Each structure stands twice: as C-alpha cells, then as structure tokens.
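There are 2 protein chains.
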Amino acid sequence: MIIQKSDNPRIGSFDPENYSFGDHFIDHMIICEYENGQWGEPKLMPYGPLPFSPANMAFNYGQACFEGMKAYKDKNGDVFLFRPEKNFERINKSATRLAMPEVPEEAFMQGLKVLIDADRDWVPHGEGKSLYIRPLIFATEEALKARISTKYMFAIVASPAKSYYSAPVSVKISDYYSRASSGGVGFAKAAGNYAASFYPTKLANEEGYEQIIWTDDATHENFEESGTMNVFVRINDTIYTPATSDKILDGVTRDSFIQLAKKRGIEVVVGDVKVKDVIAAHERGELKEVWGVGTAVVTSVFEAIGYKDKKYDLPKLSAEESYALTLQRDLVAIQTNNAEDPFGWRVLVEKNILETV
Amino acid sequence: MIIQKSDNPRIGSFDPENYSFGDHFIDHMIICEYENGQWGEPKLMPYGPLPFSPANMAFNYGQACFEGMKAYKDKNGDVFLFRPEKNFERINKSATRLAMPEVPEEAFMQGLKVLIDADRDWVPHGEGKSLYIRPLIFATEEALKARISTKYMFAIVASPAKSYYSAPVSVKISDYYSRASSGGVGFAKAAGNYAASFYPTKLANEEGYEQIIWTDDATHENFEESGTMNVFVRINDTIYTPATSDKILDGVTRDSFIQLAKKRGIEVVVGDVKVKDVIAAHERGELKEVWGVGTAVVTSVFEAIGYKDKKYDLPKLSAEESYALTLQRDLVAIQTNNAEDPFGWRVLVEKNILETV
Ligand SMILES: Cc1ncc(COP(=O)(O)O)c(C=O)c1O
Ligand SMILES: Cc1ncc(COP(=O)(O)O)c(C=O)c1O
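Chains A and B supply the protein sequences, listed in that same order.
Heads up, the final residue of the first sequence is numbered 357 in the UniProt record's numbering, and it's a clean run with no missing numbers.
Heads up, the final residue of the second sequence is numbered 357 in the UniProt record's numbering, and it's a clean run with no missing numbers.
Bear in mind the hints are in silico, worked out from the structure with no lab data behind them.
What you are looking at is a predicted structure, and each value in this text was computed from that prediction instead of being measured.
Just to be clear, a hint being listed does not mean it is correct.
Each pair may be met inside one copy or between any two copies, as identical chains are not told apart.
[Said to hold, decoys possible] In silico EDC-like links for lysine to aspartate or glutamate, alpha-carbon gap of 20 Å or less: (1) 86 - 7; (2) 43 - 313; (3) 202 - 35; (4) 151 - 23; (5) 202 - 246.
Take these sequences, add in the hints, and give me the full structure.
This is how it looks when you write it as structure tokens:
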C-alpha cells in the first residue's frame, strides 16, 4: 500500500462533543484505481477532491455502488468494525450486477484497517457515536457511449456519525412508486437506486411521512423495504420480515436482528409480508410494532403507518416491551464491546497497522 | 454567460476523415452550477477535468441524468440541431423524477448554441457524421447521507460521431432481466438505468446477441425498448410500437419515426406489443421487420430475434422495401438539410453567437 499522510491534519479542529453527521470528513481516504483489466496498488492519501471530467462515465451511466458501515470506539479506546466481511461480499455482489470489477479482499479489508488506524482519533466514543465509513466503486473512464467502463476507482471515505433519527417516525406504504424491479438491481447498493427513491420520498414528506414502505412494483401488495432500511413487523409476539430477493437488499442489520431474535427465543418468520395482513392485524389489535433496520440508525421505530389516505397509529411500547428496542440494545452492546460477542461479529482494528503494510 | 476560450485548442490535430466516436472531445464545454436554491451563470470553458471528491453525491447516490443529441453540418457548412426543445423538456422531466432542479431554458439552449458555435470546426460533415452532444446534470454536494443534494452541475460536452453500428444485429427478448419498474425511473434518462442494463447486455452478448429487447418486469410478455433505443415491429405493412409510459423513454427518434411514417401513409399502431403476437406473426410469415431507433444510430436493423433458446431469423429486405431504412432516410435527409423540413424540426446554429451573449 502507498502511504501518503496529510501535511495538514484537521483533527485538531474537530470537537467530538459537538458535530453533526456529515459536517466533517476524516483526514485521509483510501483510493485504488482499476485500469487495463486490473487493480493498482491501494493508496492512503489526504481526503479531498480529485480531477474528473463531466464526461466521466459514472456521472453519465451511473456505474457506481457503495457500502455503509461503522467503526465503534469502546471505553478503553479500542476500535472495532462490525461484520466487515458482509460489506465486502455485498459490494462485490453489487459490482457484479453493475458489470464492474470486484474489489480485491486485500484492498477492501486492509484499506479499512489502515484508514481507521491512521485516523483513529476521529472515531468518536459515546452513546450512539461511531465513525461512518463509506467504501465505494465508481466508473472513471471518459466516454460518451453507453457501455461498460474500462476504468474504475475504489475509494473509502469516512465521517464521524451520530444516530440519524431519535424520535419515532410515520411511514407511508407506497401504492404507486417503487424502488426495485424484478430482474433489476434492487438487491444491489447501486447508486441509482437512491436517486430513484428521493422524489417519492419527498412527496411522502409533503404528506407528513418521514419514509416510504416500499412495496413490489407489480401489485404493491407486499412489503419490500422501508426507506433505506429493511423492515420488520411484529404481530402479537412473532416477527415477520420479507425474504431477500433480487429486489431487496440483504442488510447486515437485518441478518443480525434475525439471529439476535432467535437467540432470545423470539419467533421469526422470513417470507411475504402482505400489506393486507398487516392492516388486518392492526384492525384486530395485534399489530404491535413495525420498524426499519440499517447500519445508519440501527433501528427506526414507526409510530404510524399511512396507507391509502388512512393513518394507522401503532401502540407505544416501553423500551422493555419493544422487540425493536430490545434487539437494538442487544446489537449495539455487541457493536460497542459492551457485551460478549457470541457470533464473532466484532473485528478489532489493530494499532500501528501502518507499520506493517 | 461567462466566456473563457481555450488557450490550447486541439482542433488542429483532429482529422475529420479519420476518427472514431469518443476518441476526441471538442475544445470547450459548458458548465453551470446550482447552489443555494439557484443556478449560477453558465460558462463556456476549455473541456477538461474539474475537482470532485469521492464523497460527491453523484458517485454515491446517482442523482444524475443526461441527454443525447446531435448537430449536423450541411454541404454549405451550416450547422443544425434537431428538435433540441424535446431534449430540453426531457432533461427536466428526468431531473424532476430524480429530485434535481430543472435547468433553465436559457442555460440549455443558449449553452448548446454557444458551445457549438465556438467549436463549429469540430462538427464533421459527411455521410453519417455528426457532433454528438451530451448535456447532463449531476449532484455535486459532498455528503454521505442518502438525501437530495443541495448542489448540482449542469454541463454540456461533445464529441464528433459516426454511426454506431453498420451491420444488422441479433437481439434477445429478455425473459428474466428488466430495465424499468412500474412507478420507477425507466422513462427518465437517469444515469443508473444504464448501469443496470450493462450486465444483462453482457450476458446476452455472451450468447451471441448484440442487444436485449427489454420486456415488462412483471410478466416479460410485453416489449418495452431495445438496448438504449425505442423499438418498432412491422407485421405485414403495419408498424407497432409500445406506448410511452413510466417505464419507457419518450424518444425523439421514435416520435419522429411515427410522424414520418404517418406522412408516408404507413399505418402506425401505438400500444402493447406482445411477445407472443410477434412470435406468432413470425410463424405466419408476417413479421417483416423489427428495429430500434435512437439518436445515436438513428436505426438499428435486427436480423434475428432470440426468445427462450430459439432464434427467429427476420427477412432481408432491400433498402426500398424496408420501412426502417426508408424512414431512416427520410429522417436523416431532414436532419442534414438535404430535404424540406415540413415539421419545423431543424434549428440553425447561428454564427458568431458568442458576440451576442
Ligand atoms: C436499500 C437499503 N436497504 C437496507 C439497508 C440496510 O442494510 P445494512 O443493515 O447492511 O446497513 C440499506 C443500507 O443501509 C439500504 O440502503
Ligand atoms: C433507454 C433509451 N431509450 C430510447 C432512446 C432513444 O431516444 P432518442 O430517440 O431521443 O435518442 C434512448 C436514447 O438514445 C435511450 O437511452
């Protein structure tokens, strides 16, 4: 790995007690370029702009995918990643679907560790705090023909984060817009999926909803995801979540929630979650909770669900009664090294890795 | 408009008799930036890279859309655009669906004319030759949260072009992959739509097909588009093409072909084009032609269609018998100022516009 440390670190002016997400990028980034059919040597370098023409293929044809993951600092100052191998596998699944080259494991894993070690002081410690890490791959060839790019950049950038949301939110079940097609790219963290979701989300916001519960584009009868999260529904004491498919992102948080729920002896059913069954359960008084899960917020609790001009309020459960919040606590305790790690999910970021690469 | 001419024009080293598409970008480009809720002043400047961070939102969330259009030089050296107002309308439809700000008409139209006038010598003259022009809008804010960007760039870049394809191609009717969802962004020239199409196209290429005929994602029973073109089917002497919808791009060439066909008295039916009807017509010997249309190639004639492990050969019609080629000739004659322009489609690029802006 090529190491080019910043001459002008900004960490001195970062106040870990007073920032908001996305205000600051850490001092360094990793980049690695693909050309002539192969990846070059990864490089640690100061975070900042690089030269790209408006004819860059990523701007034109959207060959770009990313990951979202976090590093957590425990009370001793040790820093941990959470299941990074899942993100590594997923970025390559996304890349393949977008006809982009897979990133080598070394560039991804070594890149993460070197970057976080170099900018260890940027990882905040404390309730809900973490370093949000963004690995991404995007096309970099300059060309105007709609075809597969021959050049790419893999990059890792990062920013200190807090939990996104605090308060419970209202969500709207989509009966018109969709985020994924059968035989499409919904399962990939493809850049274009997010752009496509913004306008419907804006319309939902204007109706007073924070997010959309996406449904299948053909019938709008089945839950898919919520916002940029996987979705869980609790009816009585059973948890339901849609099976992953080519339309649904295989979320790391979703998978972790399923395993943690089973460990607690909670029944989990993975399969179709029908809008009509959810509404019927609400009418019977059996719909206890609906929530979204994802790396950014861990859990987003829903207080109401909108469907076709009706708004269905959900019960307000205590932190102990709520499966959503109980599983969130279980997960966060593992992520932040405040609990045993029975699944082997934590990965320590060793100190002074720079000296070994 | 801010005018900053190149100190190092490359036009001198461009050989208009010997180039291939995408080898060269013209000397200048237009850029215009959006910030604080408004577009700044457009600028003509030398073509080249600009600084963007890997945390740029376009790379991460794919808010990017584009247009593809051409300028043609006639035998007197006059340069014409073709129906540019259609591209202007469409880029703003795309932008709206991707929650991006609309580009002002002046930046788009004036930008086109100033750029082409400044680089008039780059517009090649001759059979099939043109200047391919790429207006695009993309997000430029640096942020890692999946939300609407607050900053954008509108740019126009261009490259001398020839016809893409010459020989007739084989196409495969998709029975698994799709490019658009109901309630999605298929009708927009969204960057992500193209990235999503590359992998299925690569698989089709490996099976010996040059392009895919996209079908609806729910049933795969209806034609949508072909590759990055709209599709026409001729059964006996009637032409069929799918109606535009939220899954189908409203192509300028498609619209022009429909008008030109009607002018010639050819019957045109706009509506569902069912795979089974096309195959049945082939079996009855009534399927005369299937072809794609788009700005880049005008017409791509199909010699065979693959469907579920069968390959259906299409008749070889002469240039006179073929509706595809007849309508192509009609269109090209108008575009290149070799025929009357009964529809008012040509727009002259006036000389010395720079002096007036
Ligand atoms: C569309 C979508 N669904 C679900 C998720 C949740 O995945 P994960 O738990 O791996 O963060 C994400 C990413 O955060 C996402 O973008
Ligand atoms: C998906 C798609 N369909 C159809 C077309 C044809 O549109 P137009 O005739 O306006 O070039 C294009 C663009 O070329 C396209 O990208």
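Against the structure, the hints come out as follows:
| no. | hint | result |
| --- | --- | --- |
| 1 | 86 - 7 | neither (34 Å within a copy, 50 Å between copies) |
| 2 | 43 - 313 | neither (51 Å within a copy, 52 Å between copies) |
| 3 | 202 - 35 | between (38 Å within a copy, 19 Å between copies) |
| 4 | 151 - 23 | between (30 Å within a copy, 15 Å between copies) |
| 5 | 202 - 246 | between (25 Å within a copy, 18 Å between copies) |
The structure fails hints 1 and 2 (numbered hints given earlier, in ascending order).
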